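Novice: Sequence:
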Amino acid sequence: MAARQHPVLDTPPLAQWGLGLAEPLLIAGPCSAESEDQIMTTARALAKDGRARIFRAGLWKPRTRPGQFEGAGNAGLNWLRRVKEETGLLTATEVATPQHAEACLNAGIDVLWIGARTTPNPFSVQAIADAIQGVDIPVLVKNPINPDLQLWIGALERLHRSGIMKLAAVHRGFSWFERTPYRNSPMWEFPIRLKAAHPGLALLCDPSHISGVTDGIGSVAQRALDLGFDGLMVEVHHDPGVARSDADQQLTPEAYHTLLEQLIFRTAAPTADMHDQLEELRDLIDQLDEEIAQKLGSRMDIAERIGDHKRAHNVAIMQPERWERIMQRQLRLAEHLGLSPDFVREFMDAIHRESIRRQTGIPEDMEAKGSLSYPQIGPKG
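Under my numbering, the residue at position 13 of the sequence shown is numbered 235, and the numbers go up by one with no gaps.
Rather than coming from a laboratory, the hints here were simulated on the basis of the structure. The structure presented is a predicted model; accordingly, all values stated were derived computationally and were not measured. Glycine is no exception: its CB is placed at the ideal position from the N, C-alpha and C atoms. Treat each hint with caution, since some may be false.
[Said to hold, decoys possible] Here are the simulated DSS-like pairs of lysine-lysine, each with C-alpha atoms no more than 25 Å apart in a straight line:
1) K532 with K517
2) K283 with K306
3) K306 with K270
[Claimed, not checked] Have a look at the derived ranges for each label pair, beta carbon to beta carbon:
4) N296 with D448: 24 to 30 Å
5) R339 with P542: 37 to 43 Å
6) D461 with E502: 20 to 26 Å
7) G450 with G385: 35 to 41 Å
8) L553 with L241: 45 to 51 Å
9) G289 with I507: 45 to 51 Å
10) G295 with Q499: 18 to 24 Å
11) E576 with G240: 49 to 55 Å
12) A538 with F291: 50 to 56 Å
13) L559 with E292: 34 to 40 Å
14) F291 with E576: 45 to 51 Å
Whenever a hint applies, use it, and build me the whole structure from the sequences.
Specialist: This is the structure we're talking about:
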């Protein structure tokens, strides 16, 4: 049974939000609002540069462990109001409860965002949606910490059903068990699938949280722009060395200026030209193919380590019961994704053959000459 189709989110483009925004949208500011001096010094530097349109700062910081700095709270609302009055920058902050949202509305905050710890909780998202029901304020929704596209879409849908039309998604990467060069694995296939399901939805990237260190922000930001993201949300602090949260991933205003100078902001292809549209889609496919190849390489490396472990403990390489469980799981997933069962079987069988070849250490040329064959494992009906 095919998955039930949900309606496409009816969201206006950034230029129609009534805030004087344009693409690419640039949002910048510190991870946390720590003091009025910190906020104003950073905001003035960003306003002087002139390219960031929205100033971001977290007032309520949900930390993993208690006892850490958890934000300035309501006191910071006055600081953000001063930022808007003195610099002309729009202001944005994260909300995690209805009380946060109501305080921001009363203080005249221009944009709200829902963070990665709140997005995966439908109760919390619904409570916020109820608190701002019918209010004409933009809301940005960050992806959940774990890679779950349906939770991300569900959060956007809850807000949309409460009358919030000005919505955007923010890709900040996912927590993942594999070792990667990133703080949060980008898994670009997730925002791409989100954009494919809801083409009109604005999609922003938070390269600071994906990278986790300043050295990687540029490459992540450029990748997002190349994939057609509508803007960037970057953490900028006037003195990152004394930042009370996420110090390693915050740029100075000067470094942010340099980053913008180095990035290539590509002009979107005209939608009326079919050739340009095809090239855009083919570029997305090329990016996904690269992601698939990298993930397959990681999988085969792990398979090779499993083979070493099996040999060390005198365990047979072939484990049919384990493989059948894998195949069953993939077939169930395929049903929800609209993939052909035959395609998934052939694809997974090919992966299985390569995994066993890597575990046994048999050279590729022997397999190519037909001296090696494996039984097909997995349900066929």
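Novice: Taking the Cβ atom of R339 and the Cβ atom of P542, is their distance within the range 37 to 43 Å?
Specialist: Given a distance of about 41 Å, which is inside 37 to 43 Å, the answer is holds.
Novice: A range of 18 to 24 Å was offered for this pair. Does it hold for the Cβ distance of G295 and Q499?
Specialist: This hint is violated: roughly 47 Å between Cβ atoms.
Novice: Taking the CB of N296 and the CB of D448, does the distance hold inside 24 to 30 Å?
Specialist: With a Cβ separation near 40 Å, N296 and D448 fall outside 24 to 30 Å, so the hint is violated.
Novice: Are the Cα atoms of K532 and K517 separated by 25 Å or less?
Specialist: holds (23 Å)
Novice: Look at the Cβ atoms of G289 and I507 and judge whether their distance stays inside 45 to 51 Å.
Specialist: Since the Cβ atoms of G289 and I507 sit about 47 Å apart, the hinted range of 45 to 51 Å holds.
Novice: Against the range 20 to 26 Å, how does the distance between the Cβ atoms of D461 and E502 compare: consistent or not?
Specialist: Once the Cβ atoms are compared, 40 Å apart, the range 20 to 26 Å for E502 and D461 is violated.
Novice: Does the Cβ distance between G450 and G385 fall inside 35 to 41 Å?
Specialist: violated (28 Å)
Novice: Within 45 to 51 Å or not, the Cβ separation of L553 and L241?
Specialist: holds (47 Å)
Novice: Given the hint that K283 pairs with K306, does the C-alpha gap stay at or below 25 Å?
Specialist: holds (21 Å)
Novice: Does 49 to 55 Å hold as the CB distance between E576 and G240, or does it fail?
Specialist: holds (54 Å)
Novice: Confirm or reject the claim that A538 and F291 have a C-beta distance inside 50 to 56 Å.
Specialist: Roughly 53 Å apart at Cβ, these two residues keep to the hinted range, so it holds.
Novice: Decide if the proposed pair is consistent with the structure: K306 and K270, CA atoms, cutoff 25 Å inclusive.
Specialist: holds (14 Å)
When the structure is compared with the earlier hints, violations turn up for hints 4, 6, 7 and 10 and for no others.
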